Amino acid sequence: MMMTHEVIDNFLDESEFKPLQSLLMSKSFAWHYEKKVVAVNSSIDNHNIYMYHIMYEDLNQNSPHFNLLRPIFHKLRLKALCRVKCNFYPGTSTQVEHGMHKDFNFPHYGALLSINTNNGYTKLEDGTKVDSVANRMLLFDSSKPHTSATCTDQPTRINININYF
Numbered sequence: 355m356m357m358t359h360e361v362i363d364n365f366l367d368e369s370e371f372k373p374l375q376s377l378l379m380s381k382s383f384a385w386h387y388e389k390k391v392v393a394v395n396s397s398i399d400n401h402n403i404y405m406y407h408i409m410y411e412d413l414n415q416n417s418p419h420f421n422l423l424r425p426i427f428h429k430l431r432l433k434a435l436c437r438v439k440c441n442f443y444p445g446t447s448t449q450v451e452h453g454m455h456k457d458f459n460f461p462h463y464g465a466l467l468s469i470n471t472n473n474g475y476t477k478l479e480d481g482t483k484v485d486s487v488a489n490r491m492l493l494f495d496s497s498k499p500h501t502s503a504t505c506t507d508q509p510t511r512i513n514i515n516i517n518y519f
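The opening residue of the sequence shown carries number 355 in the numbering used here; numbering runs sequentially from there.
Keep in mind that the hints are not guaranteed to be accurate.
[What the hints assert, rightly or not] With a straight-line Cα cutoff of 16 Å, these simulated EDC-like cross-link-like pairs (lysine to aspartate or glutamate) come out:
| no. | residue 1 | residue 2 |
| --- | --- | --- |
| 1 | Lys429 | Glu370 |
| 2 | Lys433 | Glu451 |
| 3 | Lys429 | Asp367 |
Calculated from the structure, these hints are not laboratory results. On a predicted model such as this, the values are computed, not experimentally measured, just so you know.
Sequences and hints are given; from them, build the entire structure.
Below you can see the structure in the form of structure tokens.
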């Protein structure tokens, strides 16, 4: 469907990125608790939690902050959205990979924008690790296995996951 992956640093102009970063890292942004990042690895249950915020799903805008994402959509030249989800992974004392998973089981594109710099990463099925660097965009086939990893050097790892056509 697409190349294996592409990494684009400084994806957004600073004037577009900073408001988004400030919002997602503020006390006023509404996060929702989830007790499982993925359900495949019971040995990491104590570190398998995260918070999320759905901005778009099931053909609906689910967040009052959706319009802040328009510069991303424009740069991606997307035709249609599947889902837009913000992820908040708590920092851990030792780095934890959550387990390989597919976002959806049908062909689609994935775009993962890192909101803060930390030593967490996303690992693709071929073993490639893409570090979390603020304003770094990872473009990949998110219908293929990949995993998230926690960070140990910051209180949180925050990113925006966009699934699209």
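These are the hints, each one checked on the structure:
| no. | hint | verdict |
| --- | --- | --- |
| 1 | Lys429 / Glu370 | holds, 12 Å |
| 2 | Lys433 / Glu451 | violated, 32 Å |
| 3 | Lys429 / Asp367 | holds, 11 Å |
Of the numbered hints stated above, the single one contradicted by the structure is hint 2.
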